[in-house]
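Here the protein sequences line up with chains A and B, keeping their order.
Each number in this note's numbering corresponds to the 1-based position in the first sequence with 640 added.
Each number in this note's numbering corresponds to the 1-based position in the second sequence with 636 added.
For the record, the hints were derived by calculation from the structure and aren't laboratory data.
Please note: incorrect hints may appear among the correct ones.
[Stated by the list, open to error] Cβ-to-Cβ under 7 angstroms is the rule here; a few derived chain B residues that face chain A:
no., residue
1, D652
2, V697
3, Q704
4, N742
5, P767
6, M771
7, L775
8, A819
9, G823
10, A875
11, N878
12, Q895
[Said to hold, decoys possible] Calculated Cβ distances over 10 angstroms to all of chain B for the following chain A residues:
no., residue
13, Y647
14, Y662
15, S693
16, D697
17, K714
18, R821
19, T866
20, Q940
21, R988
22, K1036
For glycine and all other residues, C-beta sits at the position ideal for the given N, C-alpha and C.
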Amino acid sequence: MKTLEKYKVDEHGYYGKFGGAYIPEMLYPNVEELRENYLKIIESPDFLDQFHSLLKDYVGRPTPLYFAERLSEKYGAKIFLKREDLCHTGAHKVNNTIGQIILAKKLNKKRIIAETGAGQHGVATATVCALMGLPCTVYMGEIDMERQKPNVERMRILGTEVKAAKSGSKTLKDATNEAMRHWINNPVDTHYIIGSVVGPHPFPDMIARFQSVISEEIKWQLKEHTGKENPNYVMACVGGGSNAAGAFYHYLDNEDVHLVAVEAAGLGNDTGKSAATTQLGKEGVLHGSKTILMQTPDGQVVEPYSISAGLDYPGIGPIHAHLFDSGRGTFHSVTDEEAMTAGIELSRLEGIIPAIESAHAFAALSKMSLKPNDTVVINLSGRGDKDLETYIKWGKY
Amino acid sequence: MTITMQTNRIDQAFSDNSRELLNVYFTAGYPNIDDTASILEYLSSAGADIIEIGMPFSDPVADGPTIQESNMQALDNGMTISLLFKQLEGIRNKVDVPIVLMGYVNPVVQYGIEAFCEKCQEVGVDGLILPDLPMHDYLKNFKQIFDSYGLYNIFLITPQTSEARIKEIDDNSAGFIYMVSSASITGAKKGISEDQERYFNRVNALGLRNPRMIGFGISNRATFLKACEYANGAIIGSAFINLLKDSNDLKGDITRFIQDIKGINN
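Bound-form chain B, shown alone:
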């Protein structure tokens, strides 16, 4: 078998120095177990630039109530990593948007790191966000495998992350750096304060080699545009999960939501 190593789709998304990139998070298997692939397609055709699919976990400590509930619901629905890979089979015939899987380290380790990465490559996943995977463990046990399957590992930084550590993260990152906007779990705070602006400016002044996406607290066009002033784009999670929770028309609601945030006129 020959595998053509093509450019990672995440790099393509950032290639023309694009600004105002929109990354949308949703939980696999939520609200209904079979919604994963449809939500992905609706997001892609509505104009999302990167899609982050959450792999549900029983104990998501970095997440606030909205995403926790979506994780519990997805697990109750019977969601697993194996099932997610089945749902993503053939998705690359339909969408070209970069796909990032986000989840906690334990389910991935139980699946088997190598088998997991192999499946990621097979279905066309481009990157991974595992917030509780420490850097030294990543470098020692994961990096080589991720690299061999063309997967980017995306790290988080926060307002409390020291300059030296940000540089270390930048050195070991690929794709983009996930800039957590405030000291908080997901969905906890709204809007962007002056303190946060100072933090964004401080990070921008470091001259990092990786692009940045701002996440946590982004919920509408105003906060999205504000975040985009300081980074290549922004990530929306909890606000989108809330939309899914109350939706009777996934396609219509998702399309309107994404186009509102991106300022696309119908």
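For reference, chain A alone in the conformation it holds in the complex:
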């Protein structure tokens, strides 16, 4: 018998009042084809074999669950790190792109498109397209291309065409618009690999399922470490929220486990330079789903800011909007300063330089009242190599 799943997607594609598929008719057949087929395909033994064998041999899964002794000492709780930073390409993003590329093959798609902000999802998509021999076009905001040159070149080395999104604010949301427009113009042979748990149904659910391998592993790994598969807290940073969705997934309906989502507050939530969507946004519709959205009173989408290019998205996945709205998730926001400090602290205490996105999750540790017997799992979603320049510019180390 199926247990009641209050926090997973319902049959209409909604999480509570959030989600759905708010798309122009031109996208309807593409999205409908996916909706009709995704569960059938991704639950088939053939798909699962290929998915898990690539995750193991190509991505390097399972990623370790590491007991961070010195960090634990400092914060007075038992803190474990889920080492998604050790995935091939340097972040959890590849879990999703592996899943979607196999799916695209099964749907007989001939070309792949994707959007990217900081370039991590773009690189993860370019990687699997090289692996499967499919031509790939990645849209990236013109401004982001300037800010993240090494990732642009990584994609090009992998054989992907990187196209500059020159519309609007020339960042992630505009790259997403351009990818959607490309998909409208090429509806039959192209698959769009969205990088986070955003977009029209079934994307948020499909991507959460691919990323759910993270919490699937945490459960048995934590049991090996502690004898129990449930921690008291699971913590993750949230931009669109794919790593958090993966880390929370198998704990969603176990309300003893506190789910802690950490957003980027940029220079501070009252400065006009923030990306803390749940703190500053309200209900709205963007990129195909109803969610919480940073917007003007007139409903125009606002350009967010964070030092971390992977977190400066004006929306949030509908699953997280529902976790926030229902109170199931606890949402913190941390500033650039707090995140950078936490990144340096992790480097010094554990010898791990985190991606600045992931550093946000660590910065929330000091905002919690932890007890010595509490078990905390932090999803270390990516490594800091790509952020070296930002660390250097920040300088305080």
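Please build the complex by placing chain B on the supplied structure of chain A, with the hints as guidance.
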């Protein structure tokens, strides 16, 4: 207050089985913020049969570069839905042409659906095109309100829309069906191919109850007439925005443009 429910102006436009109806799209607040009402009047007196006013949005995913730029420019000019309703106040003393507002769902929801519809009725709007409003959400949360303010909701179909879905759309549409000529964003393709003719013929053979207007890729008299062979009329958007962009004489340019397309001799 008594509101006399009169025939929707869109129905009047199609009432005498007219063919070759011209629907022209322009973005509110573009090129200059105060141009909205004048453009509407020039279009009407030049002979446009239906006028579609775009409510600018920061993220217009169904639109190509020309209309995107006009949206950005209009927003930079300070355009809002509230301001649009102010600009349209009293417009019904000047023009009788059907007016349709086109836009994305988020700004409308933020304005408030009921308040929005009430204002539409007050200024004399006849229909709405909200391309990212899904049918089930429309039926559940919007339809009753639209109906009570006499507003028609106009749906799009494309070459990829299945026959069953076209029939479902026809059942739930009023005014006309917006037949997108090709799989594309606005302004992307020019002209009409044999594939498209087959699609138009396929739709015509379905015996739909609503009239159809063909949009996307219509830019001049030739493409307009070609489209009119397969539908009640056609919609021009990007080509008209391009005209506005370069115009130093809105009245003269708009009049010539519309009369050229409609084949009206001065």
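Structure-based check of all given hints:
1. D652: Status violated, d = 29 angstroms.
2. V697: holds (5 angstroms)
3. Q704: holds (5 angstroms)
4. N742: holds (5 angstroms)
5. P767: holds (4 angstroms)
6. M771: Status violated, d = 9 angstroms.
7. L775: violated (13 angstroms)
8. A819: holds (5 angstroms)
9. G823: violated (11 angstroms)
10. A875: B:A875 check fails; min Cβ-Cβ to chain A is 18 angstroms, beyond 7 angstroms.
11. N878: violated (17 angstroms)
12. Q895: Since chain A brings no Cβ nearer than about 31 angstroms to B:Q895, farther than 7 angstroms, the hint is violated.
13. Y647: holds (22 angstroms)
14. Y662: violated (5 angstroms)
15. S693: Given a closest Cβ separation of 35 angstroms, the condition holds.
16. D697: holds (38 angstroms)
17. K714: At about 43 angstroms from chain B, A:K714 clears the 10 angstroms cut-off, so the statement holds.
18. R821: At roughly 5 angstroms from the nearest Cβ of chain B, A:R821 sits no farther out than 10 angstroms, so the non-interface label is violated.
19. T866: holds (45 angstroms)
20. Q940: violated (4 angstroms)
21. R988: holds (41 angstroms)
22. K1036: holds (35 angstroms)
Hint compliance for this structure: hints 1, 6, 7, 9, 10, 11, 12, 14, 18, 20 are broken, all remaining hints hold.
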